[in-house]
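Numbering (my numbering), first residue to last: 391 to 569.
Be aware that one or more of the hints could be misleading.
[Claimed, not checked] For lysine to any residue, the following SDA-like pairs were computed, each having C-alpha atoms within a straight-line distance of at most 20 Å:
no., residue 1, residue 2
1, K535, H459
2, K529, L454
3, K538, Q452
4, K535, E470
5, K538, T456
6, K493, T456
7, K496, L466
8, K463, A531
9, K538, G516
10, K535, M492
11, K538, A515
12, K493, D467
13, K529, T456
14, K493, A482
15, K463, L481
16, K538, M492
17, K529, Q491
18, K529, T489
19, K496, A442
20, K463, S445
21, K493, L462
22, K538, V528
23, K535, A561
24, K463, D431
25, K529, L466
26, K529, A561
27, K493, L521
28, K496, D458
29, K529, E494
30, K493, G559
31, K496, K529
32, K529, L462
33, K529, H459
34, K463, T489
If you are wondering where the hints come from, they were derived from the structure by calculation, not from laboratory data.
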Amino acid sequence: MRGRLEHPMKRAVPALALALTLVAGGFAAWAGQDWYGAAHDEQAAYAAQRDAALSAGEQAVQNLNTLDHRELKRGLDLWESSTTGELHEQLASGRDEFTAQMKEAKTVSTARVLSGAVTELDDRAGRARVLVALRVTVKAADGAKSDKDSRMLGELTRTDGRWKLSALGQAPVGGTSTG
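Could you build all of it, start to finish, from the sequences and the hints given here?
Written out as structure tokens, the structure reads:
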């Protein structure tokens, strides 16, 4: 009677399967730890707030530079919903006077954001500043159109978890003279 010899591959397959399982488990543990670290990283949270502030700031600046005399209520409501604080109060208190001026002028202004950047962010205090470059196209009652490029500085305040404009002004253009 001949002894039965076991084929060497029969022993190698379970060993190889065990080794692959251990490698896959180690990789999964490493990837999970790396993912957890990234998800709970303060820098990632700060970057997310910066991106949210920039997006809200660009949209609010665009909103405040876009207005159609035929849809004043909707446009002015959008202005008010994009703002907070003193800026909001100024817009709300001057709404009737501004409405009368727009109805008389019969203009349509449309703004398009060209670029934007967050210049300051205090996430804990809920304050940010943005610089937004935009092109505003104004169409007069006679059909004449004009484009104007401008840079706006906006201050944002986080209110109820949303960033809103609390101040807005023109950014200085050009350098100062040295002579």
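Structure-based check of each hint:
| no. | hint | verdict |
| --- | --- | --- |
| 1 | K535 x H459 | 15 Å, holds |
| 2 | K529 x L454 | 16 Å, holds |
| 3 | K538 x Q452 | 13 Å, holds |
| 4 | K535 x E470 | 27 Å, violated |
| 5 | K538 x T456 | 13 Å, holds |
| 6 | K493 x T456 | 15 Å, holds |
| 7 | K496 x L466 | 15 Å, holds |
| 8 | K463 x A531 | 19 Å, holds |
| 9 | K538 x G516 | 32 Å, violated |
| 10 | K535 x M492 | 16 Å, holds |
| 11 | K538 x A515 | 34 Å, violated |
| 12 | K493 x D467 | 16 Å, holds |
| 13 | K529 x T456 | 11 Å, holds |
| 14 | K493 x A482 | 17 Å, holds |
| 15 | K463 x L481 | 13 Å, holds |
| 16 | K538 x M492 | 19 Å, holds |
| 17 | K529 x Q491 | 15 Å, holds |
| 18 | K529 x T489 | 17 Å, holds |
| 19 | K496 x A442 | 34 Å, violated |
| 20 | K463 x S445 | 24 Å, violated |
| 21 | K493 x L462 | 8 Å, holds |
| 22 | K538 x V528 | 8 Å, holds |
| 23 | K535 x A561 | 24 Å, violated |
| 24 | K463 x D431 | 43 Å, violated |
| 25 | K529 x L466 | 18 Å, holds |
| 26 | K529 x A561 | 24 Å, violated |
| 27 | K493 x L521 | 31 Å, violated |
| 28 | K496 x D458 | 8 Å, holds |
| 29 | K529 x E494 | 14 Å, holds |
| 30 | K493 x G559 | 24 Å, violated |
| 31 | K496 x K529 | 9 Å, holds |
| 32 | K529 x L462 | 15 Å, holds |
| 33 | K529 x H459 | 11 Å, holds |
| 34 | K463 x T489 | 9 Å, holds |
The structure fails hints 4, 9, 11, 19, 20, 23, 24, 26, 27, 30 (numbered hints given earlier, in ascending order).
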